[in-house]
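Order-wise, the sequence lines are chains P and L.
Here the first sequence is numbered in the working numbering, starting from 78 and rising by one per residue.
Here the second sequence is numbered in the working numbering, starting from 38 and rising by one per residue.
In case anyone wonders, no lab produced these hints; they're calculated from the structure.
We put the CB at the ideal spot given by N, CA and C, even for glycine.
No incorrect hints appear here.
Computed cross-link-like contacts, SDA-like style, restricted to lysine to any residue with a CA-CA straight-line distance of at most 20 Å:
(1) P:Lys511 - P:Asn522
(2) P:Lys505 - P:Asp573
(3) P:Lys494 - P:Asn583
(4) L:Lys100 - P:Asp116
(5) P:Lys134 - L:Ile70
(6) L:Lys107 - P:Ala123
(7) P:Lys505 - P:Ser535
(8) P:Lys494 - P:Lys505
(9) P:Lys150 - P:Leu137
(10) P:Lys109 - L:Asn95
(11) P:Lys100 - L:Val82
(12) P:Lys261 - P:Asp219
(13) L:Lys100 - P:Ala123
(14) L:Lys94 - P:Asp116
(15) L:Lys78 - P:Glu158
(16) L:Lys126 - L:Ala138
(17) L:Lys94 - P:Gly117
(18) P:Lys150 - L:Ser68
(19) P:Lys150 - L:Val82
(20) P:Lys443 - P:Ser552
(21) P:Lys494 - P:Asp577
(22) L:Lys78 - L:Arg48
(23) L:Lys75 - P:Glu158
(24) L:Lys107 - P:Ser87
(25) P:Lys595 - P:Gly562
To be clear about the criterion: a stretch of chain P counts as covered by chain L if any three or more of its residues have a C-beta under 8 Å from a C-beta of chain L, and this derived list gives those stretches:
(26) 116 to 123
(27) 152 to 158
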Amino acid sequence: MNKTVTANISGVVFHIEADAYEKLHQYLNTIKNYFRDSDGTDEIMADIEARIAELFKERLGLGRDVITMENVKQVVEIMGEPEAYMDEESSENYESTSKGFYSDERNQSQQTSFSSRKLYRDEDDNALGGVCSGLGYYFGIDRIWIRIGFLIALFGFGTGFFLYLILWAIIPKAKTTSERLEMKGEPINAENIGNTIKDEFNNFKKKVDSKDARNFVKKTESAAMRFFIFLGNVLKFFFKFLSKILGVAFILASIAGIVTLIVFVFSGPFDMTINNANFNHFWTTDIAQLYFTSKSMFYMGLIGIVMVVVVPLAGTLYLGARLLFDVPNSNKAINLSAISLLVLGTIFISISATTTAADYSIEQRKTETINLTELKSDTIILKSIGTTYSAYKGGVEDVFIENDEIFMDEITVDVVKSRSVGFELRLKKSAEGKSRKLAGSRAENIMVEFEVEENILSISPLISVPFADRIRDQSVQVSIGLPIGATIYLSESTNDIIYDIDSETNMHDRNMIGHYWKMTEDGLICTDCVRSDYRKSRVPTRFTGQEADSFSDLEALVGLEKLIELKKLEGLSKLEQLEKLSEQEQLKELKKLVRLFDLKEIEELELKIKSNGSEININL
Amino acid sequence: MKIENTKAQMRKGVLEYCILSILESNEAYPSEIIEKLKEGKLIVVEGTLYPLLTRLKNAGLLKYRWEESKSGPPRKYYSLTEVGVEFLKELESTWNELMNAVNLTRKKNPKQ
Numbered sequence: 078m079n080k081t082v083t084a085n086i087s088g089v090v091f092h093i094e095a096d097a098y099e100k101l102h103q104y105l106n107t108i109k110n111y112f113r114d115s116d117g118t119d120e121i122m123a124d125i126e127a128r129i130a131e132l133f134k135e136r137l138g139l140g141r142d143v144i145t146m147e148n149v150k151q152v153v154e155i156m157g158e159p160e161a162y163m164d165e166e167s168s169e170n171y172e173s174t175s176k177g178f179y180s181d182e183r184n185q186s187q188q189t190s191f192s193s194r195k196l197y198r199d200e201d202d203n204a205l206g207g208v209c210s211g212l213g214y215y216f217g218i219d220r221i222w223i224r225i226g227f228l229i230a231l232f233g234f235g236t237g238f239f240l241y242l243i244l245w246a247i248i249p250k251a252k253t254t255s256e257r258l259e260m261k262g263e264p265i266n267a268e269n270i271g272n273t274i275k276d277e278f279n280n281f282k283k284k285v286d287s288k289d290a291r292n293f294v295k296k297t298e299s300a301a302m303r304f305f306i307f308l309g310n311v312l313k314f315f316f317k318f319l320s321k322i323l324g325v326a327f328i329l330a331s332i333a334g335i336v337t338l339i340v341f342v343f344s345g346p347f348d349m350t351i352n353n354a355n356f357n358h359f360w361t362t363d364i365a366q367l368y369f370t371s372k373s374m375f376y377m378g379l380i381g382i383v384m385v386v387v388v389p390l391a392g393t394l395y396l397g398a399r400l401l402f403d404v405p406n407s408n409k410a411i412n413l414s415a416i417s418l419l420v421l422g423t424i425f426i427s428i429s430a431t432t433t434a435a436d437y438s439i440e441q442r443k444t445e446t447i448n449l450t451e452l453k454s455d456t457i458i459l460k461s462i463g464t465t466y467s468a469y470k471g472g473v474e475d476v477f478i479e480n481d482e483i484f485m486d487e488i489t490v491d492v493v494k495s496r497s498v499g500f501e502l503r504l505k506k507s508a509e510g511k512s513r514k515l516a517g518s519r520a521e522n523i524m525v526e527f528e529v530e531e532n533i534l535s536i537s538p539l540i541s542v543p544f545a546d547r548i549r550d551q552s553v554q555v556s557i558g559l560p561i562g563a564t565i566y567l568s569e570s571t572n573d574i575i576y577d578i579d580s581e582t583n584m585h586d587r588n589m590i591g592h593y594w595k596m597t598e599d600g601l602i603c604t605d606c607v608r609s610d611y612r613k614s615r616v617p618t619r620f621t622g623q624e625a626d627s628f629s630d631l632e633a634l635v636g637l638e639k640l641i642e643l644k645k646l647e648g649l650s651k652l653e654q655l656e657k658l659s660e661q662e663q664l665k666e667l668k669k670l671v672r673l674f675d676l677k678e679i680e681e682l683e684l685k686i687k688s689n690g691s692e693i694n695i696n697l
Numbered sequence: 038m039k040i041e042n043t044k045a046q047m048r049k050g051v052l053e054y055c056i057l058s059i060l061e062s063n064e065a066y067p068s069e070i071i072e073k074l075k076e077g078k079l080i081v082v083e084g085t086l087y088p089l090l091t092r093l094k095n096a097g098l099l100k101y102r103w104e105e106s107k108s109g110p111p112r113k114y115y116s117l118t119e120v121g122v123e124f125l126k127e128l129e130s131t132w133n134e135l136m137n138a139v140n141l142t143r144k145k146n147p148k149q
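The following block holds chain P by itself, in its conformation from the complex (with noise of 0.2 Å):
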């Protein structure tokens, strides 16, 4: 069955079939393109079409009332391509000096051959300006090539937008048909222009109607109209720009969102070092599930996350595609199946994430209190046993699974005051379930390892738990009760697990390791810490002192020896004076003296002090 379309030619109606009509169409607008330049072309085509009248009238005979592409195609043969009749009228453009049809273009193709091709901007087949299409000519290369080539050159500082925006302002456009020839690189001759025309129109006659064409030049002959036109055309061209903009950063956006969710899911979102190849697989290891109730929940949840998350990067990608290229509207079917996909992934995702948000409702703390009775020495040594674990890797958040035990780096180690008279250990568990009793039970089970070997304590950087518990927020405080007098040295290892140790000076916890802490009433004191550990110790580069409210304090930000290098410089009589006032007083007056020195003149200051080389002890 083939739709037909109804033809005035001649003054006689035909029925056509469409696909005959648009052959036929095209054809007739071939000639009259042919005799553009002729005199009395509307009466040639008059003719013409009276022939073609005459030939369909003969073709329809009892029982056919509908002209096909096989009429058409016969009566094309008997009339003849444009290209036949130029034969014939050639030789009119040798002898007369009449206007004959690209006569021009002919006697120089006859004298020049255009073997070089020459730029031209390509506005029939363009994306944007036509720039990569003319250049792709001129190259002999097609043009898709060029075109990626200047998308990859947008990644260089955007240096292929600039370039195409200069190329598309210098380069003029093919406007008539020997340009567009010579921008192809083909000889112009009758021919070429034939078959050059042909396509034209072929495009032509795809996108407009020849009665909305003929519309068209009905509304234009208003010079308001032309006007709007013109002004119609350029807010067309700007948005047609935009457009294009639009669709590439569209495309690039889903692109980078699509590879972003393939790796999310192939390779988990942590602990991924891409530099050394270090994939460690998350999802794909029992360590994920282990953060939801069941292993199906993750994997609905997971799933979910992909649907939800493929819809949206799909249709950027799809809208970005159809403002670059014509790409055919979605139907139906594919938006059903998008919305059924995004519902499904919400139902996943929220089943997933209720029941196992649930588990993690309710936290309860167990606190246990160890007497380390085997230590016998004042002094101890701590240390961390971490690196013992292959799979450890220390510093960032670290879960594995070893035996059916689930190892997690969630320790932190303080160093207090006893309770009792001896070194004990207090271990605050924590752990998180659905009830109190679950709770309960999970932080109990938590496992610290720890050993102690004459005077070395040893502590585990990571605790373990039953596999069945999985993970639910376990972790464990540590701390350390030292009892009065007795001293500590934290070790290199230990600074992975030590958390916020208090001690008089206030030292960040990365300047304690390596040294002596003595425990007091006061709190811990360095006892082998020099000038330089001080320094290392926070000190802003202005300081007021205003912060402190002890003598500890302010010597924390200050320093020691800097508060000491300050009282010298008042005088020894001004700190005499000092001394019997009260305690509060004392550090009123520090506060006032801190205050008027900043760090780079307490450090001339230092040198001056130095020059003289006055040594003065004073005890603070």
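Go by the hints and put chain L onto chain P.
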């Protein structure tokens, strides 16, 4: 020098002469002219004729009248104008001269 161009030029001059000759005795519409020209294998495709007729008409050598047709659109019946008749006479004598010239030349230069 292309053989096609030469042939086209020769045919073109003859074509005009032939069209005028066809119309000398009686008027005719394009299809009839085409039939006769096709018999003589002077034209291959019909499209060639229409611009030629239009040009001859515009040059004042031909005139036409409309006649209704049962089998399609109205037809243009072409006939010679007085100028056309004169023109044809000129062409006829030129043709005869040419024929003689060609024959004479060919006799003097037999095939080598």
